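A.B. asks: Here is how the chains run, residue by residue.
There are 2 protein chains.
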Amino acid sequence: MRHHIVRHAGSSRSAVHLSEYASRIRTLARDVSRATVSYAFSRPDQLSDALRQRIMEVADELGYAGPNPTARSLRLGRAGALGLIFSETLAYAFADPYAVGFFQGLATAAEDAGVGLLILPLPHGDRRSETVRDAVVDAFCVMSLPDGHPALAEVFARRLPVVVVDEPYVPGHPFVGIDEPAAGAAAARHLLELGHRRLGVAMVGLHEDGHTGWSDRARQESATFEAMRARRGGYQRACEEAGLDWAGVPFYEVARNSREAGRKAGHALLGREPRPTAILTNTDVLALGVLDAAADLGLAVPADLSVVGFSDSAAEEAGLTTVRQAKQEIGEKAGRLLLSGGVAKPERLLFPHELIVRSSTAPPS
Amino acid sequence: MRHHIVRHAGSSRSAVHLSEYASRIRTLARDVSRATVSYAFSRPDQLSDALRQRIMEVADELGYAGPNPTARSLRLGRAGALGLIFSETLAYAFADPYAVGFFQGLATAAEDAGVGLLILPLPHGDRRSETVRDAVVDAFCVMSLPDGHPALAEVFARRLPVVVVDEPYVPGHPFVGIDEPAAGAAAARHLLELGHRRLGVAMVGLHEDGHTGWSDRARQESATFEAMRARRGGYQRACEEAGLDWAGVPFYEVARNSREAGRKAGHALLGREPRPTAILTNTDVLALGVLDAAADLGLAVPADLSVVGFSDSAAEEAGLTTVRQAKQEIGEKAGRLLLSGGVAKPERLLFPHELIVRSSTAPPS
DNA sequence: TTGTAAGCGTTATCAG
DNA sequence: CTGATAACGCTTACAA
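Taken in sequence, the protein lines are chains A and B. Following this note's numbering, the numbering of the first sequence begins with 3 at its first residue and continues without gaps. Following this note's numbering, the numbering of the second sequence begins with 3 at its first residue and continues without gaps.
Keep in mind the hints are simulated off the structure, nothing from the lab. Quantities reported herein were computed from a predicted structural model and do not represent experimental measurements. Virtual Cβ for every residue (Gly too), placed ideally from N, Cα, C. Where hints are given, some of them may not hold.
What the hints assert, rightly or not - What follows is a set of in silico ranges between Cβ atoms, one per label pair, in the way DEER data are often shown: (1) B:K347 - A:G321: 46 to 54 Å; (2) B:E63 - A:E59: 37 to 45 Å; (3) B:S44 - A:G174: 26 to 34 Å; (4) A:P46 - B:R77: 28 to 36 Å; (5) B:S44 - A:R80: 21 to 29 Å; (6) A:E59 - B:K347: 25 to 33 Å; (7) A:R200 - B:G68: 50 to 58 Å; (8) A:V34 - B:E63: 40 to 48 Å; (9) A:R350 - B:V359: 24 to 32 Å.
Could you put the whole structure together from the sequences, leaning on the hints where they help?
C.D. replies: Written as structure tokens, this is what we have:
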């Protein structure tokens, strides 16, 4: 139980020759063999205490940092890490409550298995990513990639266990997510059953082109993010089942999942004539922004306007009606699939969703 | 630009012999040499297109996944990853807005450098951590570890570049954080200057013993988390400079940084006779909980009670007065120090803090 | 207990 | 442009 200060002081004698630290196990093996030194570190019970002691002393003296993890990894054939790939900038990912919830679950699984979580940046622009190719990991978890994103091919090329979360579903490969059409429909149906007939929709994450503005049918249906596309399909289906013409539902698309973007969408939608009595959003953050817009306009929620979010990731405080998505469980499950002996039979696991009704929705007045 | 589906289909012919994928570059080197194959992958411009093409074909046919990243790492002497060590459970870390803000900054730096961010779990219980020893990384960022935590020694033992963030400061090693005593004093002074004389304090993250309850002077001063200890010292100094006896300031300590814990602390403090007119907390989340407690008791904020948070990580929405800590910048700086050519001269970098006055503080009435 | 030797899969060097 | 050879640093039968 050496304290770092002590250790630091202890080796300060040779601190002048910083570059001369012994790095090879070989160097320690002066009057013993390489194998013995290896045992001293990795299998202490395979040699006498005295010898081990002596070896450790020499190690300290020479400034040996212990067995090189990379070499060890190579030899042992395991990396001790789980790779996580995400379509967005990492900074963006960490700002998204849903993603963070998912990370929590995944991290829990990694933690339990004693492996690290290697978060891999995916150069967003044109620059080719060597990240996936070079990642020292035992498996990959891919989250929320747009259809045909090159990183997906790169991941599969590594021939390691892979689990895809949320999107895109690749038949024959493990997948964890929710039943998007059903979840979307549940959100829409809730409003329809309350009696709303003038709906508006605000969605983020459909396309990668950074477009913010009205979205026509063609754009909606050609969204490159499968899960969001499917969720929207659920909205539409519920409307049509209720006899509502989807063509009459104003649809606003934003490029970033931020409160500000939600507010902008809210203003656009609420500026329509006739004004919608209810707005569907595909994230809680967006919904919060819509609430801001309503406040700006002096509209009372839910009296004048009903708002539904999605994911239950930032909804509780604001009393937002939303569809709960078991984000933590999804992350944890994905992790366990990857870490507990690999992915046996490719499954398409759909976690349950749940409509949570709070105070942001009510019948139209 | 092969799509994964195509590639998958393409190799399905040999999908029966899953275990027979070629894994060594050697196997591809049938009528060419190993070096040539290596070049085909890592230095495409060093050989004819035709040959490269042929090699790639053979690779595809044999199911060769490309150069083994671990072996590559070993040979090249670089891991392509930055290790991050955090004292808490990962799930807990991701739930903490300050930590997440810091992660964002660090991740941005990692992203720019094209390296991954390896988040290392630190078994919280007794179980020894092999995580640090085995991590395949080029450098370590250590965040918020309690004094003398064994992981710190393990990190230094790796003899890789290390930057410590927030705590504990190790003289002679790079450090990034804020001037805690000054920041704490600024928060307290704000209340004192408003005219408050009956203060209460709620803090989290002082000790690791899970204690929730009143905290006496001895406990306060022996806190094992240096930054929080220093921050508290700032509170005390400001009070004493204002002629307030610190012994008369009720001090409540909680074990978890949650809104619920803050509410509990709030109730404890507000139940005192005479009731404090202002409460200092060392996180925004805690402060939010104190606001909840005030609401429970029907106290108006700031009329009946002033509350100050810390970090400006969850304060804006609630109109909370707080001390802004440049969490993103801190993370980014730590990352850049580690990634841009290592850490030259050990520095102790203190980022500026800033008192942000919002609507949760006012003179006592 | 300890030592020997054969890999793990790559890339750099340096000759052709 | 290609090919042999020597590292990179470690682990682990197997033999002593």
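A.B. asks: Now tell me, hint by hint, if it's right for this structure.
C.D. replies: Hint check:
no.: 1; hint: B:K347 - A:G321: 46 to 54 Å; verdict: holds, 53 Å
no.: 2; hint: B:E63 - A:E59: 37 to 45 Å; verdict: violated, 53 Å
no.: 3; hint: B:S44 - A:G174: 26 to 34 Å; verdict: holds, 30 Å
no.: 4; hint: A:P46 - B:R77: 28 to 36 Å; verdict: holds, 29 Å
no.: 5; hint: B:S44 - A:R80: 21 to 29 Å; verdict: holds, 23 Å
no.: 6; hint: A:E59 - B:K347: 25 to 33 Å; verdict: holds, 31 Å
no.: 7; hint: A:R200 - B:G68: 50 to 58 Å; verdict: holds, 55 Å
no.: 8; hint: A:V34 - B:E63: 40 to 48 Å; verdict: holds, 47 Å
no.: 9; hint: A:R350 - B:V359: 24 to 32 Å; verdict: violated, 53 Å
The earlier numbered hints that this structure contradicts are 2 and 9.
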